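Peer 1: Chains as they are written, first to last, in our numbering: chain P, 1 to 300; chain Z, 301 to 574.
Hints listed in this document are in silico derivations from the structure and should not be mistaken for laboratory results.
In this text, all values refer to a predicted model and were calculated from it rather than measured experimentally.
A portion of the hints provided could be inaccurate.
Just so you have them, the derived chain P footprint on chain Z, three or more residues with Cβ under 8 Å [claimed, not checked]: (1) 364-371; (2) 482-492; (3) 554-562.
Here are some chain P residues the structure puts well away from chain Z; computed CB gaps all over 10 Å [said to hold, decoys possible]: (4) V39; (5) D59; (6) Y60; (7) A73; (8) F151; (9) P186; (10) E187; (11) A195; (12) M196; (13) V207; (14) K213; (15) I217; (16) F249; (17) P251; (18) T256; (19) Y265.
Partial chain P-side listing against chain Z, Cβ under 7 Å, derived [unchecked claim]: (20) T152; (21) L155; (22) Q200; (23) G229; (24) T231.
Each residue gets a CB set at the ideal place from its N, CA and C atoms; glycine is no exception.
Each chain, written out:
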Amino acid sequence: MSPEETRSGTKTLQLVSRSTYVREWILQALFFACAFVFVLAVALIFVFVGWKALPIFTDYSFWKFISGTEWSASSQQFGILPLIVGSLIVTLGALALGTPLAVGTAVFLSDVASPRVRKFVRPAVELLAGIPSVVYGFFGIILLRAVVARFTGTLGFGAFTAWIVLAIMIVPTLAALSEDALLSIPEGIREASYAMGATQWQTIYKVVVPAAKIGIIDAIILGMGRAIGETMAVLMVVGNAPVFPKGIFAPLSTMTSQIVMDMPYAVGLHRTALFAMAAMLFVFSMLLVASVRLLSRLRD
Amino acid sequence: MNRRLTNRIAIGILWGAALLTVAVLGALLLYVFVNGIRVISPAFVFTWPHGVNAEGGIWPTIVATVYVTALAMLISSPVAVLAAVYLAEYAFQGRIVNTIRFAADSLASVPSIVMGLFGFALFVEAMGLGLSMISAALALSLLMLPIIMRATEEAIRAVPKYMRWGAYGLGATKWQVVRRTVLPAAAARIITGIVLAMGRAVGETAVVLYTMGQAVNLPITPADSGRPMTVHLYLLAVEGINLPAAFGTALLLIVMILGFNLSARWILRHNRRV
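Between the sequences and the hints, there should be enough to build the whole structure, so can you do that?
Peer 2: So this is what it looks like as structure tokens:
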């Protein structure tokens, strides 16, 4: 609602009885309080996770924490470099596999599919997004792991299996967001391209996709956030060894999976290190959100 | 003609991408369905797991999941709906609204493991609620808040201006306009958003693992602990014990979530007013 209308709304309020005026004011304050719950929640997460993670600076050393290469609870060594590398390997690989598939599906839905095909594919993609990560992990550990194990002669745990599971997981989210971006491109731009004699494919890759570029980048950033924070599905297929992996079929650990593995028995400094990883994941996810907002400001 | 051939091939590849996406969904659902349907029986649904291999049914886990989801819905939907009312109807666009929106976006993208550890640190330990339904519901409601708020705000913004003008013209106050005109018109889409958020909550694992615990227990009061279906499935799958029960649990979980999502679509199709 525009400021003018609200201002005139305030003027009418002065014409009503005092009790009505007070009631309206109290309700507005209540609604504001509800909206403020969001800010409060984020602040609370920041403060509480940060507070539990703080001793990593005083009792350990932050530099040793992020650059150390040994993660071992028994010798009180909490270097998370192998875990960061593990998270990056898993996330980037999944994005590399998932992005072309997702953007392809999105372009198909927005530009190629007939309304009848669209009516079938679009709900399927949305339903795929609703399947919980533990089910993907289950699917990965029972079926994919066995297939990978047979072909490579390993146990089947490792980056490769995680890539496939995660790629399947992020495709629906990525595809839905990319499709929104593609659908927001005005029809006239496409028509102009066709009028110049361009084929459908030329229109797609020279006109439509470049016009929706920022929206698609947004989608990829959000997909990345989803992938790096993903816990259960990754945990079940990476093999959980906090070391630098010796190849894509060797076990590794990510930040999220290590938290779940260690949490049941972690005490003292060990638990602090787990909370410090959670704090880093939280800050990273907020940075991704901030960059998406910055991008959309650039677009406007 | 080269141009036309390139076009053909490229469009073919796009078809391939879409088909692959749908095929993966089909394969996953089919695999879980074929393996899960064999173990699903009234006995599986309504009896307790027992013994080292978790033989028997999964009844307490179903109750825990439904319990915590309903509780989280009761906590989060009033707050989220009223927050959306504030953003869409009352707020001046400015720094405060920007901050609230940024907070909502951040909350929506918090990794679930972070939310789990946060819920553990705040609700379970600092507030002394212990591993319980209420701790889990509070943590889950934080995840549901942004989903419900976004749906509600979109619904409210879709209500045409002239409906508000009509109500103002009759002398209604702002709250009366919101309560009698805007919210009823947006109701179907708001409920859809709530149902979708519940579907999301049912599938959460990492959050409830640290706030509800994993003890097999039939929750009665909000202070009771329990083991939700997702955690049960995780433990069965990782320990490799009793795979048939794992498939059965996975199938029931998928059916529940599909049920939520499909009913959300149904509500929207049949009651939509804006």
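Peer 1: A separate judgement is required for each hint: does it hold in the structure or not?
Peer 2: Status of each hint after checking the structure:
| no. | hint | in the structure |
| --- | --- | --- |
| 1 | 364-371 | violated (count 0) |
| 2 | 482-492 | violated (count 0) |
| 3 | 554-562 | holds (count 5) |
| 4 | V39 | 4 Å, violated |
| 5 | D59 | 17 Å, holds |
| 6 | Y60 | 18 Å, holds |
| 7 | A73 | 17 Å, holds |
| 8 | F151 | 18 Å, holds |
| 9 | P186 | 20 Å, holds |
| 10 | E187 | 19 Å, holds |
| 11 | A195 | 16 Å, holds |
| 12 | M196 | 13 Å, holds |
| 13 | V207 | 14 Å, holds |
| 14 | K213 | 18 Å, holds |
| 15 | I217 | 16 Å, holds |
| 16 | F249 | 20 Å, holds |
| 17 | P251 | 14 Å, holds |
| 18 | T256 | 5 Å, violated |
| 19 | Y265 | 14 Å, holds |
| 20 | T152 | 20 Å, violated |
| 21 | L155 | 13 Å, violated |
| 22 | Q200 | 6 Å, holds |
| 23 | G229 | 3 Å, holds |
| 24 | T231 | 4 Å, holds |
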